[in-house]
Amino acid sequence: MTGWLRSPFRVWLALILLTCLSVLGAEKIEGRAIVLGSIFVIAALKAELVIDHFMEARRAERYWLIMYLIWVVAVTCLLTIGHMPHMWT
Amino acid sequence: MTDRDGQPGTSGIWTFVFIDMVVFLFLFVVYVSERLRLTDTFVEAQHHLSPAVGLLSTLALLTSSWCMAEAVHAARRTDMRRTGLALSAALLFGAVFAVNKIIEYGGKFEAGITPVTNGFYTFYFLITGLHFLHVLGGMVFMIHCRRQLAHESGDPAYVTKLENVGLFWHFVDVLWLFIFPMLYLTEILG
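Line order of the protein sequences matches chains S and C.
When the first sequence is numbered by numbering that gives the first Met the number 0, its final residue is 88 and no position is left out of the sequence of numbers.
When the second sequence is numbered by numbering that gives the first Met the number 0, its final residue is 189 and no position is left out of the sequence of numbers.
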């Protein structure tokens, strides 16, 4: 998978497909809790792709990659949990 | 200029971007806490946002980010013609995002919706407005790099500058990747 994503074009293609998947999932799939969780996980996956492949964080000091990924995880958890009370109604 | 062999950009830009990320994290924390307090207001207001508009913005910004990545790769190969083309394309898609956002804001103001309409719209205008300022800032830097390109022939300092602009631009993209579902998708669930 990582090898396939070596070209920026393929990364862009994956990002577009994931975006369409999250919009289609939000519109078509029943089951709020799963879909709501999924759209933020997909957002996190896309952010990881941009940080890893477009920003090339792996080529920077190691702690930047770690800090940026911690930020992605923190935002994903915050937004998912923040929408929880509404999710279960 | 590059602080570490092979590191894209300077260590300063990595620090700057991270501080900006933390600022937005705090904004998201306040948004979420207000959403929990005023859930009904937020849910009702979110139904008035168009997911199609948000989707168009996302596609434009992702494509712009890809073009920026291509511009940086081309500059490293000292292929200045391709760098110019990719940078122009990145600017074009950035402009698509900006125009789309201006039209969206125009529609809101026409409908009488302002940042003081309710709690949701305060955050909507604050978060997307701050993000929009980042987009405009990134575009100004890109225009600067595009103009400088005519006098460049692969100078490492220019490549580092382009990498810095690219890192900032990709960060703007990463922010939007969370703003889009947070504002536009959470209330259209099937």
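Treat the hints with care, as some may be off.
What the hints assert, rightly or not - Only part of the chain C face toward chain S is listed, based on derived beta-carbon distances under 8 Å: (1) TRP13; (2) PRO50; (3) VAL52; (4) HIS72; (5) THR159; (6) LEU166.
Stated by the list, open to error - Computed Cβ-Cβ distance ranges for the label pairs, DEER-style: (7) C:LEU84 to S:GLY30: 36 to 46 Å; (8) C:GLY5 to S:SER6: 28 to 38 Å; (9) S:ILE33 to C:HIS46: 14 to 24 Å; (10) S:LEU4 to C:GLY5: 32 to 42 Å; (11) C:THR40 to S:ARG61: 42 to 52 Å; (12) S:TRP3 to C:GLY105: 35 to 45 Å; (13) C:GLN147 to S:GLU26: 40 to 50 Å; (14) C:VAL115 to S:LEU4: 37 to 47 Å; (15) C:ASP39 to S:ARG58: 13 to 23 Å; (16) C:THR116 to S:ILE65: 34 to 44 Å.
No lab work stands behind these hints, which were simulated from the structure alone.
Since this is a predicted model, take the numbers as computed values, not measurements.
Note that CB positions come from ideal geometry on N, CA and C, so glycine has one too.
### Cβ separation of LEU84 (chain C) and GLY30 (chain S), checked against the hinted range 36 to 46 Å
Once the Cβ atoms are compared, 45 Å apart, the range 36 to 46 Å for GLY30 (chain S) and LEU84 (chain C) holds.
### Query
Is 32 to 42 Å right for how far apart the beta carbons of LEU4 (chain S) and GLY5 (chain C) are?
Roughly 19 Å apart at Cβ, these two residues miss the hinted range, so it is violated.
### Query
Using the C-beta atoms of VAL115 (chain C) and LEU4 (chain S), is the stated range 37 to 47 Å upheld?
At 45 Å between Cβs, range holds.
### Task
Tell me if THR159 (chain C) is really an interface residue toward chain S, meaning its C-beta lies closer than 8 Å to one of theirs.
Violated, because the Cβ-Cβ distance from THR159 (chain C) to chain S comes to roughly 13 Å (cut-off 8 Å).
### Query
Is it true that the C-beta distance of TRP3 (chain S) to GLY105 (chain C) lies inside 35 to 45 Å, as the hint says?
holds, 41 Å
### Status of the PRO50 (chain C) interface restraint (C-beta, 8 Å, chain S)
OK, holds: PRO50 (chain C) within 8 Å of chain S, min 6 Å.
### Message
Hint validation: TRP13 (chain C) versus chain S, beta carbon distance must be below 8 Å. Holds or violated?
### Response
holds, 5 Å
### Task
Go ahead and decide if the range 14 to 24 Å is satisfied by the Cβ distance of ILE33 (chain S) to HIS46 (chain C).
Since the Cβ atoms of ILE33 (chain S) and HIS46 (chain C) sit about 21 Å apart, the hinted range of 14 to 24 Å holds.
### Message
Tell me if the beta carbons of THR40 (chain C) and ARG61 (chain S) are separated by a distance inside 42 to 52 Å.
### Response
The hinted range 42 to 52 Å holds for THR40 (chain C) and ARG61 (chain S), with Cβ atoms some 43 Å apart.
### Closest C-beta approach of HIS72 (chain C) to chain S relative to 8 Å, hint status
Nearest chain S Cβ about 7 Å off; hint holds.
### Task
Starting from the hint 13 to 23 Å, judge whether the C-beta atoms of ASP39 (chain C) and ARG58 (chain S) obey it.
violated, 47 Å
#### Entry: Interface hint outcome for LEU166 (chain C) [beta carbon to chain S under 8 Å]
holds, 6 Å
In this structure, the hints that do not hold are numbers 3, 5, 8, 10 and 15, in rising order.
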